Amino acid sequence: MLSETLISLFLLIGGAFALIGSIGLARLPDLFTRLHGPTKATTLGVGGILIASVLHFSGQEHALSLHELLITLFLFATAPVSAYLIARSALHLRGPDGPKDES
Amino acid sequence: MLTTAITVAFFCIAAALTLNFWRLFAGPTLPDRILALDTMAINTIALLILLGIHQNLTEYFEAALLIAMMGFIGTVALCKYLLRGDIIE
Chain A
6 MLSETLISLF LLIGGAFALI GSIGLARLPD LFTRLHGPTK ATTLGVGGIL
56 IASVLHFSGQ EHALSLHELL ITLFLFATAP VSAYLIARSA LHLRGPDGPK
106 DES
Chain B
50 MLTTAITVAF FCIAAALTLN FWRLFAGPTL PDRILALDTM AINTIALLIL
100 LGIHQNLTEY FEAALLIAMM GFIGTVALCK YLLRGDIIE
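Line by line, the protein sequences give chains A and B.
Each residue of the first sequence is one higher than the last, beginning at 6 in the working numbering.
Each residue of the second sequence is one higher than the last, beginning at 50 in the working numbering.
It should be emphasised that the hints constitute simulated quantities derived from the structure, not laboratory data.
Hints should not be assumed to be uniformly reliable.
Among chain A residues calculated to face chain B with C-beta under 10 Å, some are [claimed, not checked]:
| no. | residue |
| --- | --- |
| 1 | G19 |
| 2 | F22 |
| 3 | A23 |
| 4 | L30 |
| 5 | A31 |
| 6 | T44 |
| 7 | H61 |
| 8 | F62 |
| 9 | E73 |
| 10 | A88 |
| 11 | A92 |
Calculated cross-link-like contacts (lysine to any residue; reagent style SDA-like; alpha-carbon spacing at most 25 Å) [said to hold, decoys possible]:
| no. | chain 1 | residue 1 | chain 2 | residue 2 |
| --- | --- | --- | --- | --- |
| 12 | A | K45 | A | S13 |
| 13 | A | K45 | B | T67 |
| 14 | B | K129 | A | D35 |
| 15 | A | K45 | B | P77 |
| 16 | A | K45 | A | L14 |
| 17 | A | K45 | A | L7 |
| 18 | B | K129 | A | L98 |
| 19 | B | K129 | B | L73 |
| 20 | B | K129 | A | S13 |
| 21 | A | K45 | B | T78 |
| 22 | A | K45 | B | R82 |
| 23 | A | K45 | A | H97 |
| 24 | B | K129 | A | H72 |
| 25 | A | K45 | A | L11 |
| 26 | A | K45 | B | M50 |
| 27 | B | K129 | A | T83 |
| 28 | A | K45 | B | A112 |
| 29 | B | K129 | A | L36 |
As the structure is a prediction and not an experimental result, all values here were calculated from the model.
We put the beta carbon where it would ideally sit given N, CA and C, even for glycine.
Just chain A, same shape as in the assembly:
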């Protein structure tokens, strides 16, 4: 009963964070702010759903189920790299004549 409550909590947290990340992707004004939503919030949301999956299958099979940790590790390692590459290609496309920072 307790584990079911915990799994439901992690599922709801994960789904909410994934949705928040995608709302950020749709609503924020330009690319460099839009990068924040998917790379942080959505990755955390998928992490929450994967934790719920670990709990669920560990309770089902009475043994620790660690396949999900592999996916979590891979996602958490690759999300910053792809965000860096997307930001660099956006800077490259904008060129040296783009708008400068105010600071």
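Let chain A serve as the given structure and place chain B on it in line with the hints.
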């Protein structure tokens, strides 16, 4: 309770995928579209894991891992193409 939570999470991920799809169409620049594709791959992983919990099957993890790898490789290849005009130098 678990069934309700899974349904709510399914709806959240589906709404997230719809928003990503809208950004994929509307995104004014090419990096926006690459970012939308990357986010769609991540949300698809969440959808597959949810389906695994719903149907009580562990076979979906391999598919999720493959989608994670292919999504990352696709993002890197598209960004390299935008940066260099070539993928394999």
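Hint by hint, here is what the structure shows:
Of the supplied interface hints, the one on A/G19 holds, with its beta-carbon coming within about 7 Å of a beta-carbon of chain B, less than 10 Å. About 9 Å separates the beta-carbon of A/F22 from the nearest beta-carbon of chain B, less than 10 Å, and the hint is met. Of the supplied interface hints, the one on A/A23 holds, with its beta-carbon coming within about 5 Å of a beta-carbon of chain B, less than 10 Å. Nearest Cβ of chain B to the Cβ of A/L30: about 5 Å, under the 10 Å cut. The hint holds.
Below 10 Å, beta-carbon pairs count as interface contacts, and A/A31 has one with chain B at about 4 Å; its hint therefore holds. Here the hint on A/T44 is kept, as its CB sits about 9 Å from the closest CB of chain B, short of 10 Å. With a cut of 10 Å, the hint placing A/H61 at the interface with chain B holds, because the nearest CB-to-CB distance is about 5 Å. Taking 10 Å as the C-beta cut-off, the interface hint given for A/F62 holds, the closest approach to chain B being about 6 Å.
With a cut of 10 Å, the hint placing A/E73 at the interface with chain B holds, because the nearest CB-to-CB distance is about 7 Å. At a threshold of 10 Å, the smallest CB-CB gap from A/A88 to chain B is about 8 Å, leaving the interface hint in force. Residue-level restraint check for A/A92 holds (minimum Cβ-Cβ distance to chain B is 8 Å; threshold 10 Å). Our distance criterion of 25 Å between C-alpha atoms is met by A/K45 and A/S13, whose separation comes to about 22 Å.
Pair hint A/K45 plus B/T67 holds up; C-alpha atoms about 19 Å apart against a cutoff of 25 Å. Proposed proximity of B/K129 and A/D35 is supported: the alpha carbons are some 21 Å apart, at most 25 Å. A hinted pair counts as satisfied when its Cα atoms are at most 25 Å apart, and A/K45 with B/P77 qualifies at roughly 22 Å. Straight-line distance between C-alpha atoms of A/K45 and A/L14 comes to about 20 Å, which keeps the hinted pair within the 25 Å bound.
Straight-line distance between C-alpha atoms of A/K45 and A/L7 comes to about 29 Å, which puts the hinted pair past the 25 Å bound. For the suggested pair B/K129 and A/L98, the alpha carbons sit about 12 Å apart, so the restraint of at most 25 Å is met. The suggested pairing of B/K129 with B/L73 holds, with an alpha-carbon distance near 19 Å, which does not exceed 25 Å. The suggested pairing of B/K129 with A/S13 is violated, with an alpha-carbon distance near 40 Å, which exceeds 25 Å.
For the suggested pair A/K45 and B/T78, the alpha carbons sit about 21 Å apart, so the restraint of at most 25 Å is met. A distance of roughly 18 Å separates the Cα atoms of A/K45 and B/R82; the hinted pair therefore holds under the 25 Å criterion. Distance check on the hinted pair: A/K45 and A/H97 sit about 23 Å apart at the alpha-carbon level, within 25 Å; holds. Between the alpha carbons of B/K129 and A/H72 the distance comes to roughly 31 Å, so the proposed pair goes past 25 Å and is violated.
Between A/K45 and A/L11 the CA atoms are separated by roughly 23 Å; this keeps the pair inside 25 Å, and the hint holds. Between A/K45 and B/M50 the CA atoms are separated by roughly 28 Å; this puts the pair beyond 25 Å, and the hint is violated. Taking the CA atoms of B/K129 and A/T83, the gap is near 15 Å; set against the 25 Å cutoff, the hint holds. Note on A/K45 and B/A112: the hinted pairing holds, with a Cα-Cα distance of about 23 Å set against a maximum of 25 Å.
Straight-line distance between C-alpha atoms of B/K129 and A/L36 comes to about 18 Å, which keeps the hinted pair within the 25 Å bound.
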